[in-house]
Structure formats: C-alpha cells, structure tokens
Amino acid sequence: MLSLRSSMTELNCSQWQITMKITAKKFALSLYESVEGKSPSQVKHAIEEFVKLLAEKNQLSASDKIVAEFIKIWNEKHGIVEAEVTSANGFSRDMIKLIKGHVTELSGAKEVLLSEKIDKNILGGVVIRYGDKIIDGSIKTQLEELKDRMVK
Amino acid sequence: MSITKDFIVEQLKEQIAGFKSEVKHETVGRVIEIGDGIARIEGISEVMMSEMLEFITAKGSIYGVALNLEEDRVGAIILGDYLGIKEGDEVKCLNKILEVPVGNSIIGRVVDPLGAPLDGKGEIQAEKFYPVEKIAPGVITRESVRQPVQTGIKAIDAIIPIGRGQRELIIGDRQIGKSAIAIDTIINQKGQNMKCIYVAIGQKESKVAGIVAKLEEAGAMEYTTVVLAGASDPASLLYVAPYAGCAMAEYFLDKGEDVLIVYDDLSKHAVAYREISLLLRRPPGREAYPGDVFYLHSRLLERACKLSKEFGGGSITALPIIETQSGDMSAYIPTNVISITDGQIYLMPELFYQGSRPAVDAGLSVSRVGSSAQIKAMKKVAGKMKLEAAQFRELAAFAQFGSDLDKDTKAKLERGKRLQEIFKQGQYSPVPVANQILVFFALINGLTDDVPVEKISEFEAGLYKYAANSGAKILKEIAEKKELSEKLEGEMKTLVMDYKTTLEYLIK
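Chain order of the listed sequences is A and B. Just so you know, we're using my numbering here: the first sequence kicks off at 2 and counts up by one. Just so you know, we're using my numbering here: the second sequence kicks off at 532 and counts up by one.
Any given hint might turn out to be false.
[To be verified] If we take Cβ atoms under 10 Å as the criterion, some of the chain B residues that face chain A in the derived model are: (1) Lys555; (2) Gly574; (3) Ile575; (4) Glu621.
[Said to hold, decoys possible] Chain B is nowhere near these chain A residues, computed Cβ spacing over 10 Å in every case: (5) Lys26; (6) Tyr33; (7) Glu49; (8) Glu50; (9) Leu54; (10) Asn76; (11) Lys78; (12) Arg94; (13) Thr105; (14) Asp137; (15) Gly138.
[Claimed, not checked] Once the Cα atoms are required to be at most 25 Å apart in a straight line, the calculated PhoX-like pairs of lysine-lysine come out as: (16) B:Lys536 x A:Lys148; (17) A:Lys118 x A:Lys141; (18) B:Lys590 x A:Lys121; (19) B:Lys1031 x B:Lys1004; (20) A:Lys148 x B:Lys551; (21) B:Lys1031 x A:Lys148; (22) B:Lys1031 x A:Lys141; (23) B:Lys623 x A:Lys141; (24) B:Lys665 x B:Lys627; (25) B:Lys915 x B:Lys840; (26) B:Lys623 x A:Lys101; (27) B:Lys623 x A:Lys118.
Hints listed in this document are in silico derivations from the structure and should not be mistaken for laboratory results. Since the model is a prediction, treat every value here as computed from it, not as a measurement. Ideal placement from N, C-alpha and C gives every residue a C-beta, glycine not left out.
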C-alpha cells in the first residue's frame, strides 16, 4: 500500500509540472510496483485505488495502452517472452517443444509463451517471431531469394 | 537447339545445387507514425545510429536511416518516396551503416546521393561500397598543403591561391557567379591529374542539366562525377548528398589521387538538416538550426585533406559554396563555415553589377594557405598584387573627390585600373597558368602602361594568340620549370615588346 501511495504522490508531484505529461508507461510502471509481491486482497485494493487515480486524472480512456504497457513490463520483469510460430500445416507436439527450447535459448528468457498460427501462404518451413526478432525459415522467402539470385 | 536447352537445364541444376539459403535472424519493428519524410518506429531495439533500415511496403522495399534512438522508439529519415509507407508496415534492420557505391565506374556519371544513376546510361558497376559517414584523417596522416589547384581564374590564382587539400569557401549573394567559379575550376582541371566531384544540393534540376551539358562540351565529364539532390528531392537526400560525394572522393584519395569536390551549396544543406531536425523534434537553437549544425559542416569539411607520402599522398580539395542574404556574412551558417574553412572567396554584388566579373573582392577574400600553394613563377609576378588590388579600390574611392593628384598616386591608379581590367574574365574560359604569368609579368613590369584601359582585354587576348604562335617555347618553359630565370624573363619581355609593335592603339 505504501508503495502505491508513494508512486501516487510521485504522479501527483508531476501534476504541477504542467508540461510533463504522465505517459501510459509511467502509469503501468507504478501499477506494477504497487502490486508486485502483494497478497490478492492487497492487489485488489491497490487496483481500486489505481482506477480512482486514473479517473481523477482523466486517464480512463488510456486504459488500453496502460494494460498493454503493463503486460510488457510484467513479461520483462518475469523473463517471459511471447513468441509466435507460423507454419503452413501446423506442427507436432515434439516439434513445438523443440522450437520452444530454441527460442528460450536464443532469447535467454525463463519462460516462453508460444502461440501457433497457420498460414498457407508461406508454403512450408517455419517463421518464428519473438519480441522484435524474426527468424524466417519459410519456403516462400527462400524461393524469392533463389529467384533474386537467378535474375542476377 | 537441343544443346542449348540441355545447357540451360544443366546450368539451372548447378545454380540450384549451389544455392544455399541461410535462415536469417533479423530484428524487425513496426512503423507507428509516418509523415514529412520522417518515420517513427517501434521495436528494432538493437538498431545502430545511422544504420540503414528497410521498409517493407506493398510496393516493394524503401530504404531509410535511423537518426534518433529514443527510449522506446526510433526516428528515421526515409531516403526516397515516403508516400508508399503506411502505418504498421514492417521495418528491418540491415546491420550496416549507410553506404554508397564508389569506384572508377562513377566517373562521368550523374548519380543521386545513394549512387543510383540519373543520366540513363545504365547500371553502375560498383567496385566497392564506402560508408557515407567517416571520421576525418588524423594529424599523423596529414601533410601541409603545397601543390596548387589551378583554377584558371586569374583573380583567384594570383591573389587567393588554392592548394590541393585546402578548403576554400566561395561566398556571396544569389546570382553573382558562385557556381560559375566552381564550374570554371572543374573545367580547368583537364590534364591536371585531378578527379572532380560536383555535389548539387537543392539546385534546380534545369540548372544542373545545363552544367552537365557545359562540362560535357568542355570535355570535363571525363574526370567528373555529378552527385545530384535536386530541389524536389526530400530533405533526407539533400542531407546525405555531400557526405555521399565525399565518400566517393575518398575512394580516389585512398588510391593516392587528387580530388576536387564542390558542395553547391551548403546553406541549402543546413536548411535541409534543420527541416529534418525539427521534424525529429530536436530542440531548435539560433535561426531555428539545431545545436549540432556546426558539427554538421565541420565533420564534412574536415574530411578534405592532404595526406603525406606514407599514406598515399592523395588529397581532397573542398570548395564549399554558401549563399548569403543581401551580403549578410554575419548570419549563423556563413560565420560557421567561414571559421571552418581555410579562407574564402567573397563575391560582391557591387563589383558584379559594375561589370568586373568574376566579382571577387580582393579585400575580404583570403586564403589562409597563401603563397605556399603557388608555383614559384606565379609567386614572383603576383606577390604584391593582392595588396595593390586592395589599395587601388581605396585610392579610387578617394580620388573621386579631387583631380589634383601627385604623380605617384596617378601612376598607381593607372596601374590599378589595368589590373582590375586584367582580372575581368568571361565564364567558361579558364586561362592556363603560363598565360596568366605572362600577362601579369607584362603588367607589373609596366609593359601595359601605354595600353588604353578599355583595350586591355583586347590586348590580353591578342597576347595569348601571339604567344601561342611565336612564343610557344617560352610558355612551355614557364609551365614546365615553374620558375622564372633572368634569361626567361628577358625572353618574355622581348616577346611582349614584339607583340606590342603589331598594335595600333597604344598611347604614344
């Protein structure tokens, strides 16, 4: 509770610096700080207070952005990486496990949340996306590369 | 037929067998804001400063450069048409700093700041790629400027000599012949072992087309490259153009050759950079230019250099051009560039409209390298000319009030009038250094005192013609030995005297 109070005073402080706008990221960060390592009831209270603060600051409309930022911060602090695997025909369980292991190794994350996507357009192979990285091993890209090379 | 078919199939198989696709690990981002040639990008967390970016759009790839690395976004300039890029488009890092093709194949071509041809003469087969931004050569690699750049313009070669490796600013108002001086200098580099690069920044394309035609006519395109960022090109290309031109020059420098590079003009370059900076929301300073506008020009002009023998002995001579607004030399950009360069050629509107063209002001123009960039023969005849030319202007203004002048002053005035007349020179007609020395020799030895002032140009043209016919040996000796021996001086004197006997308009 104390930490929420302190981060709220921080936000209040920045109010009189009229030019300083409180960004969604700052809201999300203070929310994270105030709920981290708390019991469920405390968290519930903190969130209530937080929403009150948002209402007071006329920032309820920015809630989507704050949620998005909060997820980012949460994932970052807990070493979670979201990854998306695209294939033409879907993968077997073993394959998914293998990819998961590979991404974990590459990103150095503790946990990888893998989502699967099927896209016939890539013809075959696999495209892995995590964070702002992309590993493109699709047949479509390789064919295009081959075409470029042949044209040259 | 079947043989060719088999051959093709065989080749195809070979190619495919040799094809190895690597799965690349790439960093990507997304465009979150686009407009005015600036994109803001989310993601690409590992992007480098001034790294090339590839925007993947529905119409194909468009390239850009990252300029602002902020906390959670990246500001980039787009090199080319930004209208094809939409919000949400994917952006890839290319893991390389912006670079341009360099090599002998760019000589004689007109290219854009990214090295793509603009003259319709086909693809450029680049030997190498050089980064656009490079740190200038250090103290150890440099040498003092000694060899001259013969501009072929009498007023400049005599009183404001330019050396190889020097940076000489050409400054003046619009439309008084700044570019003309640079173009004449390029034309005069024929046979002087000099590669030339003309960087047009924000110039009208019709004007550049005219310049290219003129250079071609004079046979100067054999050693010249034109880098063009026209008035209609986006600010990003205008900003990159001089650095790209300099990178092309550095290729020849590394081969130990001498290069002359003209930046026409840097005031437009500063304006383009101001536009980019303001759009990237960097704080504005004086005249709304960003804080690093000095560094913008200093890092460019520091790349002009004369390397010592151990480092190849090449040189880059820079002739930046700055346009002033109604003679205001104390504006921000002119003062900056004046302080960076090794001297300036100041062009004066008054002189231009009086008809003394090129309108070089002898008083305000300086060359900080000075006479060490002149050949000995020129040093001898042009030694006191700068002083005389500057004194004459003052004396002439003073003499307007009274007619009673002592003999000495009168003689000085008469000499000055002839000097001023000799400094007049038409556009696209550079004078070889031997001819210059001959005519200056005639002037300082009083051989022109009996030529009427209004006949001086006629006298001069006749003298060149006469010397080409009957004094070719003397001209050759001046050009080769670059020194005036007493014997040679005597021969020159007789040559001029002989020529004068053929004239009818002399004052008796």
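Outcome of the hint check:
1. Lys555: This interface hint holds because 6 Å falls under the 10 Å limit.
2. Gly574: Since chain A brings a Cβ to about 4 Å from Gly574 of chain B, closer than 10 Å, the hint holds.
3. Ile575: 6 Å, holds
4. Glu621: The hint holds - Glu621 of chain B has a Cβ within 10 Å of chain A, the shortest such distance being about 9 Å.
5. Lys26: 7 Å, violated
6. Tyr33: 16 Å, holds
7. Glu49: 29 Å, holds
8. Glu50: 26 Å, holds
9. Leu54: 23 Å, holds
10. Asn76: Asn76 of chain A is indeed farther than 10 Å from all Cβ atoms of chain B, at 14 Å.
11. Lys78: 16 Å, holds
12. Arg94: Check passes; 22 Å lies beyond 10 Å.
13. Thr105: 15 Å, holds
14. Asp137: About 6 Å separates Asp137 of chain A from the closest Cβ of chain B, which leaves it inside 10 Å; violated.
15. Gly138: Check fails; 4 Å does not lie beyond 10 Å.
16. B:Lys536 x A:Lys148: 20 Å, holds
17. A:Lys118 x A:Lys141: Holds. Lys118 of chain A to Lys141 of chain A sits at ~16 Å (cutoff 25 Å).
18. B:Lys590 x A:Lys121: With Cα atoms ~22 Å apart, Lys590 of chain B and Lys121 of chain A stay inside 25 Å; holds.
19. B:Lys1031 x B:Lys1004: 19 Å, holds
20. A:Lys148 x B:Lys551: 13 Å, holds
21. B:Lys1031 x A:Lys148: Between Lys1031 of chain B and Lys148 of chain A the Cα gap is close to 76 Å, so the pair fails against 25 Å, i.e. violated.
22. B:Lys1031 x A:Lys141: 84 Å, violated
23. B:Lys623 x A:Lys141: 18 Å, holds
24. B:Lys665 x B:Lys627: 13 Å, holds
25. B:Lys915 x B:Lys840: 32 Å, violated
26. B:Lys623 x A:Lys101: Status holds; Cα separation ~24 Å.
27. B:Lys623 x A:Lys118: Holds, at about 22 Å.
Violation of the numbered hints given earlier is confined to hints 5, 14, 15, 21, 22 and 25; the remaining hints are satisfied by the structure.
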